[in-house]
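Student: On the provided structure of chain W, position chain S as indicated by the hints.
Take a look at the letters that make up each chain.
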Amino acid sequence: MKRFVRILAHLVFILALASITLMILNVYNPLMGFTTSDYSRAVFLALYVLAAVLAVLVFSRPEKKQSRRDEPPREKDI
Amino acid sequence: MKRRKSIPLWAAIILDIVAAALLIGGWFVARIVEDSLHREEPIVVAEAHPASTPVPTPPPAEPEEPEAPEETEPPVDDRSEWQIRFADHFTPEVISSDMSYSGPNLAVNISHHQYETDRGPVVYHLAEIWMGNIDCFRSGLAATPPRFHMSASLQKMAEDQNAVVAVNGDFCSYSYGGIAVRNGVVWSKVRGVVDLCVLYRDGVMETMTAREFDLDAAIERDVWQVWTFGPALLNEDGTPRDIPYSSIPEIHITGRNPRTAIGYFEPGHYCFLVADGRQQGYSVGMTLEEMSQILSDLGCKAGFNLDGGGSSMMVFQNELISQVYSKVPRNLSDCVLVTDFDPLAQETGEAEEAEELPAEEAEALEESEVAEP
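Chains as they are written, first to last, in the numbering used here: chain W, 1 to 78; chain S, 79 to 451.
Next up, chain W with everything else stripped away, as it sits in the complex (with noise of 0.2 Å):
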């Protein structure tokens, strides 16, 4: 799951990148369409709904435990 999350958010910050790349050229050429193509429209969806998932992945994950400086020290950590 742990791996899962991480390649989830290495996706969503693909995806932001070039969203962001996008929105910066259309600022310079936006007769070509760099945000309202069919393209980009399908980068920025992908950006919505992935990074919609990771959200829901991040605080739908069991709180940790308390902190180990509570906990009587192990053995090993002597």
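These aren't lab readings, by the way, just hints derived from the structure by calculation. If you're wondering where the values come from, they're calculated on a predicted model, not measured in any experiment. Every residue gets a Cβ at the ideal spot worked out from N, C-alpha and C, and that includes glycine. Hints are not guaranteed to be accurate.
FRET-style restraints, in silico, Cβ to Cβ [unchecked claim]:
id, chain 1, residue 1, chain 2, residue 2, range
1, S, 106, W, 57, 55 to 61 Å
2, W, 57, S, 287, 21 to 27 Å
3, S, 173, W, 36, 47 to 53 Å
4, S, 104, W, 52, 19 to 25 Å
5, S, 173, W, 27, 46 to 52 Å
6, S, 322, W, 59, 33 to 39 Å
Tutor: Chain S in isolation, oriented as in the chain W frame:
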């Protein structure tokens, strides 16, 4: 149990950036594929045919008579309305120089101008054009239909159509959407958001917003060319327009840049303006307001901004007369040009071809008769 070594964070980020770059590259591939697969059927509005131009047909040649008639009839004036109106500019034979061209159907005057601004000098080139028929005013395309990945030099496109003067167009192949009509053929009919310039076969040129444009009405009115770029530079009365920057999507359309514009005086009388720019000490570029003022001062009734920046260039008689800021002039998808088109010569050529056919048929018939035993 051995722990798997994970790649360092910096390496992971670099790999992600590379993947994002590939995704961006995919955008261009997708445009090329989409361009090829989803090409609309072009609509032919008007044939680029001399018969459709307002030229009266010359009277048929009469056979020679042995006796001359007692009363001679006055010679028939077979010139078009525009040839008569602009007769001062046309010449029976072609006369050309570095700065001008004149013939029976086309006259072009080239002038170079310079003025000073607080940022430096601005150099611009003006081509004032008079034509005898609308078929002189044409578009050149690097590919038909216009393709996203296909472009050609302005000089090549101008040469292909024997252009006297040519300037860059609106780079229609790059536009995602927008109306594109070239030489009477509708290549794209997707409504865009920017201004349009429309040229009809009666010679009238109008600028309008995308919302105001009605393709069906334009076809009804025999549209000849439509460019999608803008903004329109003049009001309906020919005064400089307040450029609506808030409605223009492009951030770099403001400021000083190399620019190209077309101006309209009246049917048959137009101008091309190309401003050099991005060259400190030579020409820093023109603002839209300055271009608007220049066209208004010239007396234009309509003016339209075309693609600028690295695309802005003017070719006169196959020579590049503007100075581009890049080392190599950019290849373009389309251009606007004027050519010395003689509709009467076209009709004569077609008539001669028609006369040749019976002779060929007669020869073929003769050969077949000889072959028979």
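Student: Run every hint past the structure and note whether it holds.
Tutor: Against the structure, the hints:
| no. | hint | result |
| --- | --- | --- |
| 1 | S:106 with W:57: 55 to 61 Å | violated (33 Å) |
| 2 | W:57 with S:287: 21 to 27 Å | violated (47 Å) |
| 3 | S:173 with W:36: 47 to 53 Å | holds (50 Å) |
| 4 | S:104 with W:52: 19 to 25 Å | holds (23 Å) |
| 5 | S:173 with W:27: 46 to 52 Å | holds (49 Å) |
| 6 | S:322 with W:59: 33 to 39 Å | violated (46 Å) |
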